[in-house]
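Visitor: Which chain is which? The protein sequence lines are F and W, in order.
With numbering that gives the first Met the number 0, the residue at position 165 of the first sequence is 164, and numbering never jumps.
With numbering that gives the first Met the number 0, the residue at position 86 of the second sequence is 85, and numbering never jumps.
By construction, these hints were calculated from the structure, which means they are not laboratory data.
All values reported here derive from a predicted model rather than from experimental measurement.
Note that beta-carbon positions come from the ideal geometry of N, C-alpha and C, so glycine has one too.
Certain hints may be false.
Stated by the list, open to error - Residues from chain F that keep clear of chain W, each with C-beta distances beyond 10 Å, as calculated: (1) Gly45; (2) Leu85; (3) Ala151; (4) Ala194; (5) Thr273.
Unchecked claim - Just so you have them, the derived chain F footprint on chain W, three or more residues with Cβ under 8 Å: (6) 51-59; (7) 133-145.
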Amino acid sequence: MTGFDNSPVRAVIDLAALESNVRSLAATAAPAGVMLAVKANAYGHGLVPIAQAGVKAGARSLAVLEIPAGLELRAAGVTAPLFAWLHGADTDFRAGIDADIELGISAPWQLEAITRASASRPARVHLKLDSGLSRNGATPEDWPDLIRAALAAQETGSVHIRAAWSHLADASVEDDEAALALFQSAVTTAERLGARFEVKHLAASSAGIRMPQARFDFVRFGIAAYGISPFDDRSGADLGLRPVMSLHADVVAILTDGRRVARIAAGYADGVHTAGIGRTSVLLNGVRSPVVAVSVDSTLVDIGDRAIQLGDTAVIFGPGDAGEPTAEEWAAWADTVGDEVVTHVAPRVPRIYTSE
Amino acid sequence: MPITARGVRRRAFVSTATIVANAAFLAGARGLESAIVDVRADAYGHGLVPVGRALAAAGIAGCVVSHADDRERLVGHVGHRAIRVFAADDDGTPVDMLGPATYGLSTPQSSVKPAMRLVAEAVAVKTVAGGRGVSYGYTYHTSAQTTLVLAGLGYADGIPRIASNRAPVVIAGKRGTVTGRIAMDQFVVDIGESTVTVGGDVVLFGDGQLDEPTVLDWAEATGLRPEVIVSGLGPRIERVYSAS
Numbered sequence: 000m001t002g003f004d005n006s007p008v009r010a011v012i013d014l015a016a017l018e019s020n021v022r023s024l025a026a027t028a029a030p031a032g033v034m035l036a037v038k039a040n041a042y043g044h045g046l047v048p049i050a051q052a053g054v055k056a057g058a059r060s061l062a063v064l065e066i067p068a069g070l071e072l073r074a075a076g077v078t079a080p081l082f083a084w085l086h087g088a089d090t091d092f093r094a095g096i097d098a099d100i101e102l103g104i105s106a107p108w109q110l111e112a113i114t115r116a117s118a119s120r121p122a123r124v125h126l127k128l129d130s131g132l133s134r135n136g137a138t139p140e141d142w143p144d145l146i147r148a149a150l151a152a153q154e155t156g157s158v159h160i161r162a163a164w165s166h167l168a169d170a171s172v173e174d175d176e177a178a179l180a181l182f183q184s185a186v187t188t189a190e191r192l193g194a195r196f197e198v199k200h201l202a203a204s205s206a207g208i209r210m211p212q213a214r215f216d217f218v219r220f221g222i223a224a225y226g227i228s229p230f231d232d233r234s235g236a237d238l239g240l241r242p243v244m245s246l247h248a249d250v251v252a253i254l255t256d257g258r259r260v261a262r263i264a265a266g267y268a269d270g271v272h273t274a275g276i277g278r279t280s281v282l283l284n285g286v287r288s289p290v291v292a293v294s295v296d297s298t299l300v301d302i303g304d305r306a307i308q309l310g311d312t313a314v315i316f317g318p319g320d321a322g323e324p325t326a327e328e329w330a331a332w333a334d335t336v337g338d339e340v341v342t343h344v345a346p347r348v349p350r351i352y353t354s355e
Numbered sequence: 000m001p002i003t004a005r006g007v008r009r010r011a012f013v014s015t016a017t018i019v020a021n022a023a024f025l026a027g028a029r030g031l032e033s034a035i036v037d038v039r040a041d042a043y044g045h046g047l048v049p050v051g052r053a054l055a056a057a058g059i060a061g062c063v064v065s066h067a068d069d070r071e072r073l074v075g076h077v078g079h080r081a082i083r084v085f086a087a088d089d090d091g092t093p094v095d096m097l098g099p100a101t102y103g104l105s106t107p108q109s110s111v112k113p114a115m116r117l118v119a120e121a122v123a124v125k126t127v128a129g130g131r132g133v134s135y136g137y138t139y140h141t142s143a144q145t146t147l148v149l150a151g152l153g154y155a156d157g158i159p160r161i162a163s164n165r166a167p168v169v170i171a172g173k174r175g176t177v178t179g180r181i182a183m184d185q186f187v188v189d190i191g192e193s194t195v196t197v198g199g200d201v202v203l204f205g206d207g208q209l210d211e212p213t214v215l216d217w218a219e220a221t222g223l224r225p226e227v228i229v230s231g232l233g234p235r236i237e238r239v240y241s242a243s
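In isolation and in its complexed conformation, chain F is listed as follows (with noise of 0.2 Å):
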């Protein structure tokens, strides 16, 4: 254990649940495998622990966003395949392709930075289809387009073509239905202009659990591997996954203002949501304490005339075994989803690991 123990605020992560989660998903994808998302710190959970235990619970590859988060990987010493896609006019891709960073490609002006990068090795490039999402990838329009400029870049050996992929919108299953039968298009389009895909790639959580025919070679789970539901009418509990971080605030006030309330060492500046208090609640000594006030430090609940000591834990969001609200309840309350919850706990709060 680390030296944050004692912080009065703290993140729990549970790394057994998230190998868990990463064991129950490649079961459900298989034989498709698993690239776990470990983009934006791993949804705040902490990038480098987190991608180590989902290698060691048999996540074939990582998806990490961007080049510098696949540099930290491997500067970790992390030597799983990695995957980033969001690059910038001033995005260093040398030093991406020099580390073995898999590309995603949505346009040609990226193609033309490769090339001008001179890199040590052609870049293993994915080529991306929007099909509905309006984000990033080459429109039905563009892909042709897309693809001759990687074929092109192929023939002088900057780049190698390895995959297609897309991203679906999780509107409706219709909707999604709609973008697969779009990327299969897409990818007759493009084997007709003489691409091969050694891969392809469309599912992220929602569709690799619940659409078998998206999973193609594997499936980019992110947010079920950290315990939380990506469906509205399903909880992470109903998938038979097991949320990984609990938010823990300890009791350093106790005061009465009108009614009884303790002051907890986390507020807005933690991560803690200011929308929907009224709403809100957290765990104190086994009962639910509804939020009064959410200011930039520190957190009030109402303790009603319940004994409270100074030092006493309130669970702010946990697995909800015992009776704690879960990150999805606090989505609900806060009109947001579950992702927001976890990856809004800030930096200064530390991130204890445990693995029992």
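Let chain F serve as the given structure and place chain W on it in line with the hints.
Guide: Just chain W, lined up with the frame of chain F:
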């Protein structure tokens, strides 16, 4: 070993001169030399050390940090005789301190100015037809052929997801609104006709006098307090300081 290779640009430009000028205005006739300034939560996301140094150099009496270890960090940079540093968790907070208004985070804006300008990078720019759904859940559809700009900031950077389809931005001199759901690392803007290219700026908030949206506009669009928004900005956002 820190990673120095460049990736997506995410920048918050912070004017320490604006913070000092706001503090001087708020201190009024009593003067900065008697002022205690609230620099909790990493100076509300503006950066504890650069802000604390600028305020100390301007002659404030003291400041309030969140935690005892923040006090050690700040004293290590400004010297222990320069100013008094209170740690809120040890000492409590003085009754009479200059709060978030110091950063231009309170209305009315007439006398204090926002000290931060938040700028994302346009990482994709494309023309799409009408009737296209945008981002998760297709909560927005384009009404005609248009330009969609993908901005490389998302809720993992502290851009509140509740700002989806609500909050204003400026791209290449033109106002737009966050379009569709904000994702973890990115959001889209339907900007219509535009001269923007990849690598261009998407300004989320900055100086209202330059016709940019302000953090107060974002507060109004989201129902969140402005100090909550800036305190939540994440570590992938580089803070760039200017003394002007």
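Visitor: If a hint holds in the structure, say so; if it doesn't, say that too.
Guide: For each hint, the structure was consulted:
1. Gly45: Given a closest Cβ separation of 12 Å, the condition holds.
2. Leu85: violated, 6 Å
3. Ala151: holds, 20 Å
4. Ala194: F/Ala194 clear of chain W: closest Cβ-Cβ about 21 Å, beyond 10 Å.
5. Thr273: violated, 5 Å
6. 51-59: Contact hint for the region 51-59 of chain W vs chain F: violated, 0 residues under 8 Å.
7. 133-145: holds (count 6)
Violated hints, in rising order: 2, 5, 6; the structure is consistent with all others.
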